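Protein chains in written order, with my numbering: chain A, 1 to 365; chain B, 1 to 365; chain C, 1 to 620; chain D, 1 to 620.
Be aware that one or more of the hints could be misleading.
Claimed, not checked - For each label pair, taking beta carbons as the anchor points, the in silico distance ranges come out as:
#	chain 1	residue 1	chain 2	residue 2	range
1	C	K189	A	R273	55 to 63 Å
2	B	Q37	C	A218	22 to 30 Å
3	C	G427	A	G238	53 to 61 Å
4	D	R423	B	Q37	15 to 23 Å
5	A	A19	D	K189	54 to 62 Å
6	A	A19	C	G436	32 to 40 Å
7	D	E147	A	G231	53 to 61 Å
Quick caveat, the hints were computed from the structure, so don't treat them as lab data. Quick caveat: nothing in here was measured; it's all calculated off a predicted structure. From the three backbone atoms N, C-alpha and C, an ideal C-beta is built for every residue, glycine too.
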Amino acid sequence: MTVTDLPVPTVGDEHGGTALVPSADAPQTGKEFTSDQEVRWCPGCGDYAVLKAVQSFLPTLGLRRENIVFVSGIGCSSRFPYYLDTYGMHSIHGRAPAIATGIATAREDLSVWVVTGDGDALSIGGNHLIHALRRNVNMTILLFNNRIYGLTKGQYSPTSETGKVTKSTPAGSVDHPFNPVSLALGAEGTFVARTVDSDRGHLTSVLSAAVAHRGTSLVEIYQNCPIFNDGAYDALKGRDSAADAIIPLVHGEPVRFGAPAEDGRGGLGVFRRPTGEVHVDRVTPGNAGRVVVHDAHAEDPTVAFALSRLTATGEMTRAPIGVFRQVRRPTYDDLARAQVAADRERRGDGDLQALVDGADTWEVR
Amino acid sequence: MTVTDLPVPTVGDEHGGTALVPSADAPQTGKEFTSDQEVRWCPGCGDYAVLKAVQSFLPTLGLRRENIVFVSGIGCSSRFPYYLDTYGMHSIHGRAPAIATGIATAREDLSVWVVTGDGDALSIGGNHLIHALRRNVNMTILLFNNRIYGLTKGQYSPTSETGKVTKSTPAGSVDHPFNPVSLALGAEGTFVARTVDSDRGHLTSVLSAAVAHRGTSLVEIYQNCPIFNDGAYDALKGRDSAADAIIPLVHGEPVRFGAPAEDGRGGLGVFRRPTGEVHVDRVTPGNAGRVVVHDAHAEDPTVAFALSRLTATGEMTRAPIGVFRQVRRPTYDDLARAQVAADRERRGDGDLQALVDGADTWEVR
Amino acid sequence: MSARVTELDRVVIRFAGDSGDGMQLVGDRFTQEAAVFGNDLSTLPNFPAEIRAPQGTIPGVSSFQLHFADHDILTPGDRPDVLVAMNPAALRANIGDLRPGATVVVDTHDFTARNLAKAGYEASPLDDDSLADFAVHALDLTGMTVEAVKSFGLSRKDAARAKNMFALGLLSWLYGREVDGTVAYLGGKFAKKPAIRDANVTALRAGWNFGETTETFAVSYRVKPAAVAPGRYRNITGNTALSYGLLAAGRLSGLPVFLGAYPITPASDILHELSRHKNFGVTAFQAEDEIAAIGAALGASYAGHLGVTTTSGPGVALKAETIGLAVMLEVPLVIVDVQRGGPSTGLPTKTEQADLLQAMYGRNGEAPLPVVAPRSPADCFDAAVEAARIAVTHRTPVMLLSDGYLANGSEPWRLPDVAALPRIEPGFATPPDGGGSFLPYARDPETLARPWAPPGVAGLEHRIGGIEKKDGTGDISYDPDNHDHMVRTRQAKVDAVARSIPALDVDDPDGRARVLVIGWGSTYGPIGAAVRRLRRRGLDIAQAHLRHLNPFPAELGDVLAAYERVVCPEMNLGQLATLLRDRYLVDVRRLTTVRGMPFGAEQLEQELLTHIDEISQEAS
Amino acid sequence: MSARVTELDRVVIRFAGDSGDGMQLVGDRFTQEAAVFGNDLSTLPNFPAEIRAPQGTIPGVSSFQLHFADHDILTPGDRPDVLVAMNPAALRANIGDLRPGATVVVDTHDFTARNLAKAGYEASPLDDDSLADFAVHALDLTGMTVEAVKSFGLSRKDAARAKNMFALGLLSWLYGREVDGTVAYLGGKFAKKPAIRDANVTALRAGWNFGETTETFAVSYRVKPAAVAPGRYRNITGNTALSYGLLAAGRLSGLPVFLGAYPITPASDILHELSRHKNFGVTAFQAEDEIAAIGAALGASYAGHLGVTTTSGPGVALKAETIGLAVMLEVPLVIVDVQRGGPSTGLPTKTEQADLLQAMYGRNGEAPLPVVAPRSPADCFDAAVEAARIAVTHRTPVMLLSDGYLANGSEPWRLPDVAALPRIEPGFATPPDGGGSFLPYARDPETLARPWAPPGVAGLEHRIGGIEKKDGTGDISYDPDNHDHMVRTRQAKVDAVARSIPALDVDDPDGRARVLVIGWGSTYGPIGAAVRRLRRRGLDIAQAHLRHLNPFPAELGDVLAAYERVVCPEMNLGQLATLLRDRYLVDVRRLTTVRGMPFGAEQLEQELLTHIDEISQEAS
Ligand SMILES: Cc1ncc(C[n+]2csc(CCOP(=O)(O)OP(=O)(O)O)c2C)c(N)n1
Ligand SMILES: Cc1ncc(C[n+]2csc(CCOP(=O)(O)OP(=O)(O)O)c2C)c(N)n1
Ligand code: SF4
Ligand code: SF4
Ligand SMILES: [Mg+2]
Ligand SMILES: [Mg+2]
């Protein structure tokens, strides 16, 4: 387990994601959030680490446990809700964001989470995902990306690298994968982040930021599937390789990483080309001042998009992690509820008899 | 009808989109491409102009008419195929890209077109669209964006501006719209362009480039619906307003527009911020050299994405048109066919009896 | 001069014109006037699938048929007595439906060579004897309108637009109807455009005056008010009544209504209507597709709202997988299918009843759910309340099968006293006494319903999903016996709904009938009309009409067995017959039409007559 | 020392262990050896829905049951004679299924307190008398394996992994089976890992030698080869046979096969299999979802390929709308539904037959299509060819209903001579003689099929779609009579398929039976076995099994009418019975199980006996 110690920014938002969720009366423990169901993932599955992290993280939110809902689709990762002693729904393949939209819009007092996989979210469920992002419904989506279909025993997924040999692609897959961060930014996502299963600290800090965000928070989690796609993220986790492979994004900080340079900070940095794209280069005393300073709060998603393109498209040899984008935009559910309230305010609570009667009636005696 | 006279770049691609489609023996006319069906759009509908443009454009391709297929979904615009005397399928809502994927993969000798609307492509059909773009299946998608559901008589669509009052949103819509170009770029689109129904010249030149591109070409067409969303693009078409509202993108050219400046070219230009985003400013002799020069062929989609953000999100007061991005990437269908061919080459044409027999057989006498 | 006045007991008028000619508005207004006057009535709007098909063509014709009478009527009428045709295409498309001797009012203004050709006429039918069977009044309605309104300074186009009001005025005069209601209506509608308002009012009055003044019509007619049950009435369409029913169900259950919908003809108007009543606490979510629409509604139900999704057949097909999930989750959900012509895109603006078997069986696995259908436009209100009652009380998705004819058709509705409607009890789960563990799949012994425990209550935290679950705990279970048990329990739970539904009403006045005609949904009107005609001939025939298609009323088997012949008219290939034959092994005879249109009462009368005849011959 | 040898006519063995223990492999190998030896056989693999549920737990148990015999058999057997249990959970999960007196071979290695607890045992069942009914052999298989392979320098974990081969060796000895085939197999499988290969071979032989050398087993057994029809045979699973059938259909029709699929258990293996045969010209497109999968397949069919889509129940639900489009377009399309436990996600790795009514009715509008089902694993080949034949010849989507039991089960297959299979004629449209205009909805008078005109042919340019179309021209038509005509024509077209299907085979040896048992799909084996048992008792019973569920064979009504009682066993709540009762008004009795498992022949025998008894009593 590599640990990248990265503070992840939280927007100080009095209208944070859980602002309307009631608080717990007493401090809670991870155990209270653990259900009595036996966990049934394969030994070594990255899902375990994420589960543990979430079980430890949830009590720190200080929310009433009964006001937390986890909704998932279908896939190995989608078994997640069973293991948490909150309200939960294990729904059908790809539809969790739609169901969660209904829950979040119906109830402002719930903290709504979606758990999904790369197949669930990006293959069959792609449309619901991009619409949730566009609408900015208040929920946190954990996208377990193991670059494979685990539950159905190993077919390639929309995030598998081109050329992937799987059961359904014995000659190698021929399609170009999605970059989930780019896709989410193109879909007008207001909070888009990435983290890694094995880095509990980073994962937890990204979760904090995601929950604090009011709107749809998409958190892509690089997750290892030891059975069907083992080692997909080894380069990001290896003792030797990780430093040069993981590009940590910290709001307000220059994007530097790798073995330290003369100034004691990462020897590699992200620089901007004159045309606006970004690339990685070695940091020298001469260019250190030109290292891109990460601004997660920029209104325009262009720079976040540029950073997303640093993700390797084939084998995962390099990827930025952290919060790419976090901007405020009114949420669908808040606005929808506000319209209901405003209409009640303006016209008074609906009078059913008056409505039924209508304007054009007549009397028969 | 405004006419913006813009040369649109064509990648000189010997493997162009129609490279494997047989050529016609003789020159053709638009009339040959006109079916005997009565056109049934409302008077003044922008679809007429696009139909006319396509009917005039198709003969210039010099392809056999019987090797052209138009597939559409459901919507006013999706009636398009009926009016062309080619092969055509008016399918079901949102699914045309999926159906076209089957056609294009099955047959390299066809020129495959998809006609769709903003609801058809971006609402119910969003998933098929982004997957077609990711896979880069060789087809040209014409997305008629009238920012409304026409056929079902005027509900808001995923491209309608926030606050839109429609039959289903009497208090105004509350969701943030998609920017189809940003979405397509986030979905790894290799050819993404935009044009306007009323500008036949521009439309035709964009179509030329789209057809020449081998892969999925997405052409967003701003189309007026005089019945349910009249004037949505008036700012881009008005005699006075158009010049300052339309930002023409021409590969290799500085992005300048508006009433001419001292150097005789557009007085407005697109400039890059130090952080990489782009914005519009007045061109002066001092800053003219810093106007962004459009590079549609940049491998990295960042700049194209940046340009897409110049599109107004609310009322359509300003928008870039032209080809945002055009890069080469192998197409799904070419690669899939190549795998079939390679396997035949390697193992010989499948021997059914041998396959059926398998390795472990026994004889009963 | 004033014409001779003749009394009639009933009249069928059809207004027909181009899609842009405002025929639906004219029809609505005439309907409203007839309703206020106290006639019984029934209407049938009919419009093209295109928004505006090319002007002047047959596919572009839009029409509105109204049947009004001095007695209780059930259908919009088979054959119009009067046709108002605003152009050649409208004449051509509708003339074949008229009864011989019918009155035809034609606006001659568009009878140009070009428009005649567009309509497929080689020569003007006004000039030859092809209309000899009818009393034709060829008038330049447009010209008279333009002339009448010229003082308002409108463009010629705008002026001509008022021709529909001229026609309405003329017909109002012909049937002795007031126009004051319409004047008031126009005042509201064009409040911000006074010139247009005044032109329309002027055209309306000019039409009336034209009838009154000229000698064009020798006779005018009167249809007396109908003697219907006392009470306050309004005219209402099925989609509006259905929307109100949903709102009422929300009130009666104390649950906020959450509608998840994706627009589709002919269901969209329910979305439109509900989105206008946010002050009732309604959330109307326009989703990205039908799957998201039902998904969100299901999520809202899970969260304690009254989840509703509204669509038509193709949308139900898309929702199938999620309906299966709802069956598994056992949460309340109302699924409204406003059926239209199928299969596939079919005839989207026409009516049909061909989704019954889809409602019953259109999902993987054994996934039963209750199915309910309204019988008339106003009945959509009661049917919606009933669907919600079953959904909430029995914790199940319920399918409500309306159709295009009910959706857009209208009839007078005796207004319910909403305070007197029975309450719907959501009975949310409460934490187990003594702090034991909560069993989300424990069952009510009577209904077999499970607890409904929306998030927010401590001690009820639980997880549910689409995988088979252990009875009681709801935990995932792959146990073979448990699966068998759960499959049968879900079926038994739906069957148990039969205990809470009213007895089937069989209309067999003298108890002598040997033929029973049984139907469901919107065929109620035509079947009832046909039955009346047969009885008027002195024949015995029994009629029963099902509100509940699943489960059937408990006594249905006995009812069917009591008749020598059972005939089932349907607008499909015989889907209810399929269910009845399977269930009761009774040789239910199919009597089907799949024309995108309701049965004609006359046609039905003839076909039923054949059955009565056959039975009498068998006996002799 | 060598044990006494006893002859048996049949044996049922079940191998059970943790998901990671390689039980499926052991089962496959034993099956292969039995097949090569010439036994008739039938298999039933059974695995958990989780990829790897937690080690040592009941949900993590994976098993493989094999029935082999010296005579023709039809099922994998009701109750095992031998259980091999590799850990406590495997013992606990399976012991209840054994017949009394059965042999139980237990690997004691994992009988630790911790593992016993995981399996829910309070004390070791090996130490008390809870297994007294069985002949238990408690052996440290793992320990012996590790010992046997220690010279290969493997890690302890890798060494222990070979224990499945040790078990296979032991059982092979017990039934006098060769292991050479398995040695060759291991050589191929581990060609690149010689140490692992050698360890496995050594463990295999050590297991064999252990049986031969020790006195653990007093008796060993022999099951002679079965006398089956002469020919070449191989063992095959249903999914493989179905895949080959699709490849064969491609060859027979001369059409490239285009598979559009989205992975789903238990259908995914068809996608895997077809994607391995690109040299047959197959395109295997893994789509983003089921809707895209069928969409692409439909597109490919439109373009002149043999479009196929493979899925399970939830996927069929999602494809419903597109299937409706295919019905409207009238193009060939094969839709394969490998049914699993439902509703919703249900029991994804278990079997069921509950999608028949979905196949028939799961779409909006009247959208009929032919439905075909295989009866056994090997029969999946023929059924796939038949589905493709109907699709291509009749220009229609066809539903092929396999199920999880057929998909993963296997049996010996007499290899067809592919050259002798009848050709499937695509008969593509050609331009009309004399250059008239092409009528895409003209119909073949016999089949009512329309022309199939893929793009690329000049003069056949045409447009089709999901809106109702005019007969002949295929132009959009809203004409009521045309719609009625087209709805009935599409139905008649499907009905016409009955003319090209073989007569129903009724197995009633003496023509004396009064009870007919009728089934479809994978119940063939258990029904056949039960029927044999009844006949062995001297009772008369007739059996018929349907390949064609829609349309039914023409003579089916007469067949049903010829018996006093018709009983229909199904793994659902009686769906075929529903179709038969509706169609023929025969009181077909439902005999149902919904346990995710095939019927047991014994259970079925008992239930059928009740019916035979009832009938005899009625007569007396
Ligand atoms: C409608 C439907 N189609 C297909 C499936 C089969 N299926 C279940 S999970 C899954 C993909 C799982 O991949 P992913 O979302 O990446 O999750 P993972 O198992 O890798 O965590 C598929 C194809 C299904 N359950 N339902
Ligand atoms: C499954 C399904 N859902 C809904 C509809 C109804 N419908 C038809 S077209 C349409 C939207 C049309 O909007 P757009 O794609 O923007 O096309 P336009 O009419 O504006 O050209 C809808 C909702 C349908 N035909 N099928
Ligand atoms: S298959 Fe992969 S993702 Fe699924 S539980 Fe096993 S290790 Fe985890
Ligand atoms: S409704 Fe709008 S988009 Fe549709 S045909 Fe009419 S003008 Fe065109
Ligand atoms: Mg995955
Ligand atoms: Mg639109």
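Structure-inconsistent hints, enumerated in ascending order: 2, 4 and 7
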